Amino acid sequence: MSEASTTFLRSLPKNIFSGFVVSLIALPLGLGLALASEAPPISGIIAAVVGGIVVALFGGSHVTITGPGNGLVIVLLGAITALGAGDMYQGFLYTLAAIVVSGVLMLLLGFLKLGRLADFFPASAIQGMLAAIGIGILSKQFHIMIGNAEAKGSIVSLLAQIPSGLWEVTKSMDPAIWVAAAVGVMSLMIMIFYSKIRNPYFHLIPAPMWILILTVGFSYACSWFAIPYPLSEKYLVSIPDNVMTNLAFPDFSKAFTQEFAVAVFAITFIASIESLLSIKAIDKLDPESRRSNVNKDLKALGLATVISGFLGGLNVVTVIARSSVNVNNNASNRSANFFHGLILLALVLLFQEQLRRIPLAALAAILVYTGYKLASPALFRRIAGIGKEQFAIFIITLLTTIFTNLITGISVGILVTFIIHVILNKSVGLFIGNLFKPNILMFKEADEGNYYISVKYFSSFVNFYKLKNKLDAVPESESVVLDLSMASFVDHTVMEGLQNYSDTFTKRGGSIEIIGLDKHGADSVHPFAIRKILPFDPLKPIERYFTKRQSDLENTAADYQWNYRANKNIGVDFLSNFIFFRTREIRYFYNTLEDDQQSCRVLDVEFTEGQFIAKEVIKSTLMYITLDRSLPVFTLDREGLLSFLYTGAGFTDVTIPRHDYFNRRFHLSGKDPKAVRLVFTDQLILFLESHPFYHVESNGNAIMILKKERLLGVTEIKAMIYFGQELRSLLQV
Amino acid sequence: METSRLAHFFNSKLVLLHVGEKTADKAHRINGILDKIEHKDLDFEIHWETGDPVETILKASQSNDVDLLVLGAMQRENVFTFYVGSIARKLTRQVKCSVLLLIKPAQVRVPCQHIVVNGLDDPDTPTAIRCALYTANALGAKRVTIVEEIRQQEVQVTVEDDKSLRQATLRKERLKAREESRVQHILEAMPEELTSKVSIKSQSIFGKRGYSIGHYAEVIRADLLVMNAPRKSGVLDRIFPHDIEYILSDLPTDVLIIRNSS
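For the protein sequence lines, the chains are A and B, in the order given.
Residue numbers for the first sequence follow the numbering used here, so the first one is 1 and each next one is one higher.
Residue numbers for the second sequence follow the numbering used here, so the first one is 1001 and each next one is one higher.
The shape of chain A in the complex, shown without the other chains (with noise of 0.2 Å):
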């Protein structure tokens, strides 16, 4: 038996059980989200059996769990409604005609590799459309959950008549609304302090689990002890008399209407979205930080909902929370969402009698809980932390989806964030003229071996995706440089994207490392805040605008137990007599790390070459060092790249007698010949020649070491502090 097989069988035991549980958790919900889009209950079930074992056999992603999705509630309530004119069940026939369309058109969304469709799209827009989505979701359920099945309308008006709701509740004389409200409430409270109660056993079942056991429960109870049980079955989940037997079949005579046309296309988009943003953040929780095939999970999943489509069943999507489900309960591979989907229908086979019992004001809480957490106000407030614009994209996005549907609401969403983009750098020019330009640069670095990447123009969410393919095709065990110097404006999404990826590759061994940002202005002190370039402003506070970099360099400040001061400052005399900045003018110098005894400092330093046209502003990142003793004046240098700057200031050549091998890979030069000599002993140069290549430069008195023209990353700066110490100990001598 090969290795992959006995590791396979090995955690196939984990994996059932897993399944198991997810499948505790699909149960409700796949009742309550086909509920909650006024399609038989049933749909949601299968939707989830099919998605369970098609997705498995054939998927690309590797702890997923697929089944209706909460996104969809809206759009297929919506279609439902709009195909039906009246009829809900003809309507739902014609639902799963688009259902298995859209199926078709995500198969074929996976051949075209548009696995990245998720990339176009703004952040906050998302996150405003998700919310949205939450607020419809528990604007109709409220009502379900406290025993009033009737009512109806728009999100907005459902919502204002929430007060009006609880209010008939209280003078209802119906027992069965009490009843029914009571339910809701128990229900709703399990879903909220679940999280609350820290004990084993009790987690040994999912939330939503407790809530169809008690609720059934209580109606066996009732039974028992001859009450009759208070709730009709107008307040109790209908199920056909026999599930093989009654399934639905697609009505496709409305094939070409516009309202299917229309639906159609709904449903795939939040199918997609809601499938790729779910595998995204699930690949960052697997514990074996595998990379999905989102391509491949696409044709599975289409597959699966055209499939799903004619045993009239709903979508088959991603899911997100039943994933993390999955992965807390140390799913390994995808034989967990194949058993969730065969234990669910054994499930409902055996228990088909009990589940007719359960109450809808049940199902209605689970829905309302996950709605609220769509948006919930912790989420408001995170987005207005991140920055005035996102929040205000959030916003419109949200309320706009509110007002109309989910497609203008995203619509708008991207069309206000290019604007207000265009309006905070005050250019059309800088989006337009650069859109269709190529602006990513990336190469290997050929000394180190690290990925060195570039980006000019402008980063943002309409070509992040060139970014993202370039990031994807570097190993994650690798280290990667981005210098972000070049573009004049990054924005939140691309920030937010950049430290998904910095997370993967540090999970995995590698890093990322963003510099040049420093330059960038951004509106709030959140991590994933806009960057824009500041206009040329000299000495203006860079505090406020910590970057990452920065609040790294702080905690390697710590690390050492060195200070760290991220002002400018522009008394740069100590450096000014080193030779190398004779033609170079010092501007000012920030991010200071330095030691206890002043002895060793790295910073970063902004100077200037040349003049007027000529002139480059450049950035970099150099040691400095003062001795206890004086040294001879030098430079040690690679290949005397510099030398006629070192002629000019009256150094010659300095060869060291039998080390032919330095000679050749060094060039040093210096005033004194013979008093640079007596300082390169045997152990310095072995000590040269088995470490990476620094510029280092005497002045007399201190030593500068450069390693690069452009600001170093934070592990380059660690082993530039390692370096510097390690000579500094050598020279002291």
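By construction, these hints were calculated from the structure, which means they are not laboratory data.
Predicted model only: the values in this text are computed from it and were never measured.
Every residue gets a Cβ at the ideal spot worked out from N, C-alpha and C, and that includes glycine.
Check before you lean on any hint, since a few could be wrong.
[Unchecked claim] Output of the computed footprint for chain B on chain A, the stretches with three or more beta carbons under 8 Å from beta carbons of chain B:
no., stretch
1, 287 to 294
2, 475 to 486
[Said to hold, decoys possible] Subject to a maximum C-alpha distance of 25 Å in a straight line, what follows is the list of computed DMTMM-like cross-link-like pairs (lysine to aspartate or glutamate):
no., chain 1, residue 1, chain 2, residue 2
3, B, Lys-1142, A, Glu-445
4, A, Lys-708, A, Glu-726
5, B, Lys-1176, B, Asp-1162
6, A, Lys-113, B, Asp-1162
7, A, Lys-507, B, Asp-1161
8, A, Lys-466, B, Glu-1160
9, B, Lys-1163, A, Asp-286
10, A, Lys-718, A, Asp-552
11, A, Lys-113, B, Glu-1154
12, B, Lys-1172, A, Glu-478
13, B, Lys-1142, B, Glu-1192
14, B, Lys-1197, A, Asp-660
15, A, Lys-444, B, Glu-1173
Here the structure of chain A is known, so what remains is to put chain B in place on it, guided by the hints.
Just chain B, lined up with the frame of chain A:
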């Protein structure tokens, strides 16, 4: 000024061409500039022409049998868009000789340190590399980097998951080795006196042809970028104009476009 210095470095004859009315004022100004030139022994002549700039320059360059046409250009400005967008771009396309676009001609000599040259798999590439090396020697530049741009399509693997990523990385390594050995062959064929004085490196980049090299030159702050000229015929015709256009629309540094005159 810069032009005269260049002519001096290459020991060639300088032909100044002024398109526009000859006025006493302008003539005086040009003579004033010429007086200040450091190298008095320079062989030069001045032509005064009128008419459409592009055509006049084209005609003049042909009739005078010019080897190198030097044009000034702004890096990225409104004037530049007009200038490079029309005159320089048209000239670069149509002219029969090599073209040097200067974005920062300086009155005082700024030493040229680092030259970037393309190393595409193209019959003209050896010429371009030879020119770059020759220029490096003539100008005293210390470093020449040969950039091989490898098109993404050549990798032939789309990265979708870990497995395809591994495949793509392997293929890239192989392509890189192939390209580097190709460049090495070209270099071996170069005469010793060209290669001995400069440090030659090669860097392979996976990216859009013509674009990446410009961005690379900007990132490492090269002083001169040497490129093959767009070819006139074949399928390449459709690819190359784009390459040059990327460079022209956003000049990273001074650009020398080599056209094989034979």
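Here is what the structure says about each hint:
Three residues within the 8 Å Cβ limit are the bar, and the stretch 287 to 294 of chain A against chain B gives 5, so the coverage statement holds. With a cut-off of 8 Å between beta carbons, the stretch 475 to 486 of chain A has 3 residues touching chain B; three or more are needed, and the interface restraint holds. Note on B:Lys-1142 and A:Glu-445: the hinted pairing holds, with a Cα-Cα distance of about 19 Å set against a maximum of 25 Å. At most 25 Å may separate the alpha-carbon atoms for a hinted pair to count; A:Lys-708 and A:Glu-726 meet this at roughly 19 Å.
The hinted pair formed by B:Lys-1176 and B:Asp-1162 meets the criterion: a straight-line CA distance of about 21 Å does not exceed 25 Å. A hinted pair counts as satisfied when its Cα atoms are at most 25 Å apart, and A:Lys-113 with B:Asp-1162 qualifies at roughly 16 Å. In summary, the hint linking A:Lys-507 to B:Asp-1161 is supported, as the alpha carbons are separated by about 16 Å, within the 25 Å threshold. As the CA atoms of A:Lys-466 and B:Glu-1160 are separated by approximately 15 Å, the hinted pair is consistent with the 25 Å bound.
Proposed proximity of B:Lys-1163 and A:Asp-286 is supported: the alpha carbons are some 17 Å apart, at most 25 Å. A threshold of 25 Å between alpha carbons decides the hint, and for A:Lys-718 with A:Asp-552 the separation of about 11 Å falls inside it, so the pair holds. A hinted pair counts as satisfied when its Cα atoms are at most 25 Å apart, and A:Lys-113 with B:Glu-1154 qualifies at roughly 18 Å. A threshold of 25 Å between alpha carbons decides the hint, and for B:Lys-1172 with A:Glu-478 the separation of about 15 Å falls inside it, so the pair holds.
Taking the CA atoms of B:Lys-1142 and B:Glu-1192, the gap is about 16 Å. The hint holds against a cut of 25 Å. The suggested pairing of B:Lys-1197 with A:Asp-660 holds, with an alpha-carbon distance near 19 Å, which does not exceed 25 Å. At most 25 Å may separate the alpha-carbon atoms for a hinted pair to count; A:Lys-444 and B:Glu-1173 meet this at roughly 11 Å.
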